[in-house]
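Q: Just so you know, the sequences run in chain order A and B.
At position 20 of the first sequence the residue is numbered 20 (this note's numbering), and the sequence of numbers has no breaks.
At position 85 of the second sequence the residue is numbered 1085 (this note's numbering), and the sequence of numbers has no breaks.
Think of the hints as simulated: they come from the structure by calculation, not from any bench.
Careful, some of the hints might be misleading.
What the hints assert, rightly or not - With a Cα cut of at most 20 Å, we get these calculated SDA-like pairs of lysine to any residue:
id, chain 1, residue 1, chain 2, residue 2
1, A, Lys-102, B, Arg-1111
2, A, Lys-107, B, Ser-1065
3, A, Lys-102, B, Thr-1013
4, A, Lys-102, B, Lys-1011
5, A, Lys-107, B, Glu-1095
6, A, Lys-49, B, Glu-1095
7, A, Lys-102, B, Asp-1054
8, A, Lys-49, B, Arg-1111
9, A, Lys-102, B, Gly-1051
10, B, Lys-1011, A, Lys-49
11, A, Lys-110, B, Arg-1044
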Amino acid sequence: AQSVTQLDSQVPVFEEAPVELRCNYSSSVSVYLFWYVQYPNQGLQLLLKYLSGSTLVESINGFEAEFNKSQTSFHLRKPSVHISDTAEYFCAVSEYRGGSEKLVFGKGTKLTVNP
Amino acid sequence: DAEITQSPRHKITETGRQVTLACHQTWNHNNMFWYRQDLGHGLRLIHYSYGVQDTNKGEVSDGYSVSRSNTEDLPLTLESAASSQTSVYFCASSEWASGASDTQYFGPGTRLTVL
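Generate the whole structure from the sequences, applying the supplied hints.
A: Right under this line is the structure:
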């Protein structure tokens, strides 16, 4: 069964600093990888996902993540964060097994951007 | 606009009572999911459904049940509420288009407190 490890539960940074949120996964088959974001008092929403092709995927608000198969990682990065990026970020993995599309989530990383 | 709603948004109940949390989506999605979110655990899958009359157990299904009588609704029932079921509950849906790569769309959540 697949699993997801988010190595940092909390990441505090200053505004305009770069940030990396780490995610490692384990699976015995090919996977799809996702980052979801949860703003305070809201549900989760998709930030970006890797399905196939280019290993670097980007979101519309400046985040990017790189799929590294040999390292089984999918780290999320942003070169310069804003106060509005304060949120909890969840890495998730999905295996395709006979039509099943369950997501397994990591425990989340709370990103706090300070002025 | 299509959306996914949950009701109630907040609920306080007593140990031993039966509680039903509603989830309604207007995306016309085949797949629906229930998760619980607890500090230190991230999101864990309770039950899921791939279509009308289909239900499946997730990782933490004990004490919960669901039924799917139409495409739009997947109510979650706690048969006899326990304090361990105090949590934030999220419903999600996805289209059965490309299997494991489908984006899940989340509702705003229901905060349940069991006293």
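Q: Confirm or reject each hint.
A: Structure-based check of each hint:
1. Annotation: proposed proximity of A/Lys-102 to B/Arg-1111 is violated, straight-line Cα distance about 23 Å (limit 20 Å).
2. For the given pair, A/Lys-107 sits about 24 Å from B/Ser-1065 by alpha-carbon distance, which is inconsistent with the 20 Å threshold.
3. The hinted pair formed by A/Lys-102 and B/Thr-1013 fails the criterion: a straight-line CA distance of about 30 Å is larger than 20 Å.
4. Restraint check for A/Lys-102 and B/Lys-1011: the C-alpha separation of about 27 Å exceeds 20 Å, so the hint is violated.
5. Straight-line distance between C-alpha atoms of A/Lys-107 and B/Glu-1095 comes to about 25 Å, which puts the hinted pair past the 20 Å bound.
6. Between A/Lys-49 and B/Glu-1095 the alpha-carbon distance is near 16 Å, which keeps this suggested pair within the 20 Å criterion.
7. A distance of roughly 15 Å separates the Cα atoms of A/Lys-102 and B/Asp-1054; the hinted pair therefore holds under the 20 Å criterion.
8. Distance hint between A/Lys-49 and B/Arg-1111 is unfulfilled; the C-alpha atoms sit about 28 Å from each other, more than 20 Å.
9. Distance restraint check for A/Lys-102 and B/Gly-1051: the Cα-Cα separation of roughly 14 Å lies within the 20 Å cut-off, and the hinted pair is therefore satisfied.
10. At roughly 33 Å between alpha-carbon atoms, B/Lys-1011 and A/Lys-49 are farther apart than 20 Å, so this suggested pair is violated.
11. The straight-line distance between the Cα atoms of A/Lys-110 and B/Arg-1044 is roughly 17 Å, inside the 20 Å bound, and the hint therefore holds.
When held up to the earlier numbered hints, the structure conflicts with 1, 2, 3, 4, 5, 8, 10 and fits the remainder.
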